[in-house]
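Enquirer: Sequence:
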Amino acid sequence: MVEQKLNVTLLTGRTIEQGVGKEYGKSSQEYFEACSMCYMDAQDMAKLGVKNNTNILVTTANGSIVLKAVKYTRGTMPGLIYIPYGPWANAICSNATTSIGMPSFKGTPAQVEAAPDKKVLSMEALLKAQFGRGK
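Going by our numbering, the letters in the sequence shown line up with residues 159 to 293, in that order.
Hints are all accurate, no fakes.
Computed list of lysine to aspartate or glutamate pairs in EDC-like fashion (alpha-carbon distance at most 16 Å, straight line): (1) Lys-209 with Asp-199; (2) Lys-163 with Glu-271; (3) Lys-209 with Glu-271; (4) Lys-226 with Asp-199; (5) Lys-205 with Glu-161; (6) Lys-226 with Glu-175; (7) Lys-209 with Asp-275; (8) Lys-226 with Glu-188; (9) Lys-277 with Glu-191; (10) Lys-205 with Glu-271; (11) Lys-229 with Asp-199; (12) Lys-229 with Glu-271; (13) Lys-226 with Glu-191; (14) Lys-184 with Glu-282; (15) Lys-180 with Glu-191; (16) Lys-209 with Glu-161; (17) Lys-226 with Glu-271; (18) Lys-163 with Asp-199; (19) Lys-229 with Glu-191; (20) Lys-226 with Asp-275.
Across the chosen pairs, the derived CB separations fall in these ranges: (21) Gly-290 with Pro-236: 32 to 42 Å; (22) Gly-171 with Thr-234: 13 to 23 Å; (23) Lys-229 with Gln-269: 15 to 25 Å; (24) Ser-185 with Asn-211: 21 to 31 Å.
Quick caveat, the hints were computed from the structure, so don't treat them as lab data.
Virtual Cβ for every residue (Gly too), placed ideally from N, Cα, C.
All chains should be built: construct the whole structure from the sequences, respecting the hints.
Expert: Here is the structure:
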C-alpha cells in the first residue's frame, strides 16, 4: 500500500557535492543539482511510491519545498531524510537560534509526499519566492 504522506525527521548538512557546487558558484547548475535534492531511505521511497530522481514535497512547520528524491546508497536510514545545506534546505528550516546564535539544522519534524507534477524551483525563483526579490 502506497502512503500519501510519510512523517520523517529532517537532517541537513554538508556534502562533497554541495561543496564542489559552491566552488562553481551558487548560480551554477552543479550547485543546483547538489543542493536541490533530498536523500531518502529506499524503503521509505517505496512506501511513498517514489522512484529515484522523482520530485517530492517536503513540508515542515516552517514551509514546503519541492526537491528531487535520491536513494541513499550508504546503508539504511528509515524515518530520516537528508538535505544538503543551501537555500532549498534553508527554506524549510527554522531560523530560531534559541539563544545559542545558530539555528538547528538537525532533527526537524517533516512530512514527505510524492510530487511528480511539481517543479523544483531554480535558485532565482526560490529567492524570489522567499524574499520577493529578483533580477
